[in-house]
Amino acid sequence: MPVIQPLPSGGSNRAPAPAPAPLPDFAGKLPSLDQIERMSTDEIDELLGLKPKVDIPPGARRSLERVGVLAPAEGGLPTFSLANQPASLVRAALAGSDGPVVSRWGHILLRRALASRLAAPADMDPVEFAALRVSTLNAMGEFAAARAVAQEVDTSDWNAALTAAALDAYIGTADLVGACPAVRLQGSRREDANWRLVQGICNAFAGEGARAKADLNRVRSRGQAASIDALLALRFAGASGQGRGAVTIEWNDVDELTPMRFALANAVGEPVPAGLLEGAGPYYARAAAVAPMLALPQRIAASEIAAREGILSSSALIDLYSQAYGEEDLDGPAATLAGQLRQAYVGGDSAARLAAIKDVWVSGPGQAIDYARLVLTAYAAARLEPSEEFVDDSGPLLAAMLSAGLERDALRWGNVIPEGSDGWAQLVFAAPNQNDPVSTGAVDDFIGDDDGAGQRQSKFLVAGLAGLGRLSQSDINSYSSDLKLGLGSATRWTRAIDAAAAADNQALVAFLAGLGMQGSDWQQMTPRHLYHIVGALHRVGLSAEARMIAAEAVARG
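Position one of the sequence shown corresponds to residue 15 (the working numbering), numbered consecutively onward.
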């Protein structure tokens, strides 16, 4: 049947015209011209009621029922994992995760959990939940993932905490224009220097170049931001095409680096003096390693900490050195290492490739093997044919493979590695679905040969095997007593992660595992924490992550 649209109603039935917008309330007193001159354009807009309240039409706004970028079908954790969990526990786990985690594989797991498309606990505001996750990702150096999670929430719904965390993510990625929807929507709610600088930049990219220049010059003249930051922001604003005049950047009087300064300089292509970068802290290496606008040598110099922590995958790290090898005019340590890495792949025979791999592992004579170099050689190690000739190097070879999760390649070495050796300690965690008890004789041999400080590798081996259920309870008690592991003692954290595992809650276990691995060095990790983390992950079906964390602990302990 055809649809017949009714004719418009007659004049007598028309809907009344919408009421005019209310005039701004000046509390009976208009501001003076002098007061208006001292206001920024955003303050004037707010005064006159001209600021928009939303930036997305009602029909296009998104639900807050679930927020994140990884659906369960894409590798994310179950969406409603936390729906019935106490908000106080989730809040405490995320708020306490305010730095990096000691484990590369722990970092990878926590990033996956934080980026998953999750529903908030029933008694927690979804925006607060998103803000906590964005803040934790920033603390880990995962600025791109943090930005992606923040962008899953409409900017009109952002609270102060999410705005602050999202702005940190935009600064970490040098994507200052990406913050513009929230900055222009919220106007002058914040008065800090970073906010004022981004406001000026956003005004310029909205086609208001004269306004942006005036606002940024005002910020500079009033001392609301350092002169170098205001000048960098003026150059950024000029890139919108509305700028007039050149901006000269002088670093002579600058004696420190800040995240905003670093982001502005990277965004406009202004080289940061080497003196400021030296000793600037790991934040800048984490940001630089994934900053595509930076020169290749600078990214490579920053890549080791990013690989060691889990920000960069083995493949991404190899890609950086592949680009370095292809640069004909590149010289220095990066070019040398790129040549060694190529030999590790294409050497004439296995012995030549192993020699090249070992050259990559150490940065100089007498230096210990850097775990980041194991990550770099993961696929080269996997290409070696297992041989008894290489048994002495099997420990770091297998650690390299497992740093990239190459379990099948590692398991090929099972017939040539003696029980109780360094290689065996790696291989024992490589086999999936392995429930057979481990020989206590092999464990005893490993402990007997462990002459490291405090026998930390032996302690982590026992803790990992105990968490995976590969040792009997009597053996666990015996080793715990002999090595003084304290596996049987409990804390509020151990009780919480064990309860989350008993409830089969992957997301909560992952959050609590991340809390238990806070730190920048494996010296900050205890065997008891490793035991509960590995055990909890294993019980909730995250056995692969549990095994890789345990193997990493033995390799890096």
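Don't read these hints as lab results, they were simulated from the structure. These numbers come from a predicted model, not from an experiment. Glycine included, every Cβ here is placed at the ideal spot set by N, Cα and C. Check each hint, because a few of them may be wrong.
Using C-beta positions, here's what the derived DEER-type ranges look like [unchecked claim]:
| # | residue 1 | residue 2 | range |
| --- | --- | --- | --- |
| 1 | G483 | Q238 | 56 to 66 Å |
| 2 | P45 | A101 | 15 to 25 Å |
| 3 | E264 | Q238 | 35 to 45 Å |
| 4 | D267 | D518 | 34 to 44 Å |
| 5 | S170 | Q238 | 22 to 32 Å |
| 6 | G340 | S235 | 22 to 32 Å |
| 7 | N173 | P100 | 36 to 46 Å |
| 8 | A558 | P432 | 37 to 47 Å |
| 9 | G362 | Y339 | 17 to 27 Å |
| 10 | V430 | S534 | 29 to 39 Å |
Okay, the hints, checked on the actual structure:
1. G483 with Q238: 56 to 66 Å: Once the Cβ atoms are compared, 59 Å apart, the range 56 to 66 Å for Q238 and G483 holds.
2. P45 with A101: 15 to 25 Å: violated (44 Å)
3. E264 with Q238: 35 to 45 Å: violated (19 Å)
4. D267 with D518: 34 to 44 Å: violated (59 Å)
5. S170 with Q238: 22 to 32 Å: holds (27 Å)
6. G340 with S235: 22 to 32 Å: At 48 Å between Cβs, range violated.
7. N173 with P100: 36 to 46 Å: Distance hint for N173, P100 is violated at roughly 21 Å.
8. A558 with P432: 37 to 47 Å: Between A558 and P432, where Cβ atoms are some 26 Å apart, the hint is violated.
9. G362 with Y339: 17 to 27 Å: Since G362 and Y339 have Cβ atoms about 18 Å apart, the given range 17 to 27 Å holds.
10. V430 with S534: 29 to 39 Å: holds (36 Å)
Violated hints for the displayed structure, listed by number in ascending order: 2, 3, 4, 6, 7, 8.
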